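Participant: Spelled out, the chains give:
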Amino acid sequence: MAGVILRRLSLGFALAGGAIVLVLIAMSLVSLVGRKLFSAPIPGDIEVLQMAIAVAVTAFLPLCEMTDNHIRVDLVAGFLPAPVNRALLAIGHLLLAAAAGLMGWRTFLLMQNSQDYGSTSTMLGVPLWWPQGLMVPSLALLALCGLYRAAREIRS
Amino acid sequence: DDSVTLRIEHFLPANSNAQQNVIEPWCEDMKAASDGRIQCEIYPSMQLGGTPGQLADMARNGVVDVVWTALGYSAGRFPRSEALELPFVLPAGGETASRIIWDYSTTYAKDDFKDYKVLAVYSDGGGTLHTARKAVRDLDDMKGLRVRASTRLASRFLTSVGATPVSMPPSQIADTLSKGVIDGALAVWEVVPPTKLDETTFHHTTTGPDQATTTVTTLAMLMNQQRYQSLPDDLKKIVDEYSGEALTVRFGKAWDQAIDQVRNRIAGDDAHTIITLDDAAYQAMLDASQSVVDDWVASDDGGLDRQALFDGLRKTVKEYTPELAR
Amino acid sequence: MSGLETGLLVLAVLMGLLALRVHVGIGMFLAGILCYVLVNHGNLNALLFTINNLVYARVSDYDLAVIPLFVLMGQFAIHGGLSRALFRAASAFIGHWRGGLAMSAAGACAGFGAICGSSLATAATMSQVALPELEKHHYPNKLAAGTIAAGGTLGILIPPSVPLIVYAVLTQESIGKLFVAAIIPGLVAMLGYLIVIRLVAMRTMRDAPRIPKAEWGARLRALAEVSPVLVVFLVVIFGIYGGWANLTEAASIGAGACGLFAVARGGMRGDGLVKSLIGTAEASAMIYLVVIGADLLNSGLALSRMPVELANWVQASGMAPFAVLLSILVIYLLLGCVMDSLSMILLTVPIFYPIVVGLPFFDLTQTEISIWFGIIALMVVEIGLITPPMGMNLFIVQKFSERTSLGAVSRGIVPFLGADLVRITLLVAVPALSLMLLSL
Ligand code: NA
Ligand code: NA
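Order-wise, the sequence lines are chains A, B and C.
Each residue of the first sequence is one higher than the one before, counting from 2 in this note's numbering.
Each residue of the second sequence is one higher than the one before, counting from 1328 in this note's numbering.
Each residue of the third sequence is one higher than the one before, counting from 116 in this note's numbering.
Please note that a few of the clues may not be correct.
With a straight-line cut-off of 30 angstroms between C-alpha atoms, the simulated DSBU-like cross-links for lysine-lysine are [said to hold, decoys possible]: (1) B/K1564 / A/K37; (2) C/K390 / B/K1461; (3) B/K1437 / B/K1564; (4) A/K37 / B/K1470.
Worth flagging that the hints you see were computed from the coordinates, not collected in a lab.
Keep in mind that this is a model prediction, so the values were computed, not measured.
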């Protein structure tokens, strides 16, 4: 049950991130054409790209953990008995969950800090806590996916 | 053993003017004055992580002890200091403008810096308009020009005089200029060699000696407050002696030197022309850009009395440079 | 502890964590934490606030942002059938030669590499497209698998290339220049592989039946099918290098064009789009998790002063520059046996780069050394993709070919490794191969 929910959520996050990338592509093309033909680039397009890609890329992370595709060095896997391998993998996923939790917590604090100090993007003045805040759920979901994978290794 | 090592981070390479001509000698001086008890470790090119916009925060949080940064990169964090970047307010050049900035920053804008031990706040010398093909002599020449700018207020200034501001990383300026993607860049002379503007632009429009400069980028060296407080009293005294107005002027002079060097080289090169705005053209640009000042003063962001800040800045400028036309 | 000792201890711990199957990005993240703890004597303040900035600083990096765009471009090309069209076009021209189908597969890999930044995607799509054909025409297992595994590396050897983007970000080098510098070495790589296939085929396929020669009409039709690849490649590379589009715009044009092609000619529909997006999400996520972890490790190492001390030590030791370079290349080859290319670039460039650019090579300027070393580093980490026991491309090819064992792939790759070593020697000895196009 938890697995189904997490899988759907991480898939939804990944597709939302993908949609952002598609929009960014469209924006870049419009900006290029505008600059070429009408001498009118989208002002601050670089900033928009940076903020949006930050949200999109973070949203990609959980799905990759659900499908267990994050990069690992599986050099010793072949030499170890299955229970040891499972234990190692469980520890690995737990460490990933812990790291993701730490990053999510600290990114949340970054968001609060940006909010308190009114940090904005340089050209457009977009509040930085918007993109930073949108990254937090993805990192939290990544932590949950790590816990789920660890539990699966332990149970099997 | 009560010696200290200050960790200093900034966003430029190790061979930049800031590091080579000011930060390193400054460290050497403090080291000598303290018999080696104050030392520096300098981390150029953001080696300790983060983005240039996060530098000020990194000093405030104690990730590093000292940062050198541009205040405009942390937009919204230094609202009172934004006034310094308004068009046609400060004189061109490093030293005098830096004295004015230091004065303003320690009086009217001092609340911007209450979380820091401020070591220096200074001017980059003010923007010159470098254009590839079209010589800009008056307001009309600005129309439709695509110009690279690095700060929000520089962009607003460009818009107000009819140009189109474009933002891009410094590494792309030379390429895009040589291919005609942009027509020019608004930048101080000091950055001309590292961004290769001397190879890609041939007309350089500046303001005259008694005219205010287009817009400046405010640079600053900030120290973590607790770190400073934790120093032994005699080391605090040494830091104080070499910082503040002394370091501000030191930066200003180093920038003046760099600016003169580049400007003289360009002036002596037949491929380049340096254009100084005449009084009429200057007045026309000043009038056109008045809207930027008005908008800034009228904004109610952060609940500041912006009129008082702007008046305070004008008053300070008048004290140092009574001859400046505005 | 000196910086050097701290750094070496942390790297040893990292290797231990990776051997115990901790994710590479997480292992680097933890090693970075250890570095901060050691250098700051347990004071966590700087570490915690560094982590505050860590993720946002990396995922919002402007230059790295083109990675998802280049990945998506490759995904569209796959789902639009461009990889299949490339293989068909190549075999229309050279398929009838001895070993010609395998050579066509290598050529198609190179063509696909021109619009795809990742060797994983190249190896995976070419495994699906070309392996069944090679098996159908009785190509020996070892040759077929070796061709695709080695050909897959052309995905990063020929620009656009994700490891080169990351190298550029780490060294503040121009991505456009690195891409242009990689063109000739990439073509040399393809040529080397073609020669290897030819030699192997002469030896093992002397009596094998050949496929008939294609008519010129069929050849031209096949060529027309793949013309978008050439257009997209030229637009992307010369858009960036020529300066009329910035990197993001060039990548957007490429992705947009491949997307339109996939819909118009490849018949891509909703589910193809969803698959492309999911593929992009997973590949980008893999890259960014390592990038984030490496960032903390690298700032931790910078804080320990290990890279500076190491560079000083090398300069003071009076070792000949080429001996230093050779040692670095050997370390790369050894690491490559167990690590993937991107993790290697992220781990080693901050340590080796300051050493290399501080040494004199021929009479190259510092910028030239920086670009030349970038290309050489790319070439050696690429070898890691095809060296046993841990070679990503070997695994991928084996996954798509039921009748090929990992042992067969590993043996099949050996002649291609020979070609790689020859090429690296050539590139080290003749920097002009990398720098020539830049001086045009
Ligand atoms: Na490629
Ligand atoms: Na390998």
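Participant: Now, for every hint given, state plainly whether the structure supports it.
Facilitator: Cross-check of the supplied hints:
1. With a C-alpha separation of about 57 angstroms, the suggested pair B/K1564 and A/K37 falls outside the 30 angstroms cut-off, and the hint is violated.
2. About 49 angstroms separates the Cα atoms of C/K390 and B/K1461, which puts this hinted pair outside 30 angstroms; it is violated.
3. Restraint check for B/K1437 and B/K1564: the C-alpha separation of about 21 angstroms stays at or below 30 angstroms, so the hint holds.
4. Of the pairs offered as hints, the one joining A/K37 and B/K1470 holds, with about 16 angstroms between alpha carbons and a cut-off of 30 angstroms not exceeded.
This entry does not satisfy hints 1 and 2, going by the numbered hints stated previously.
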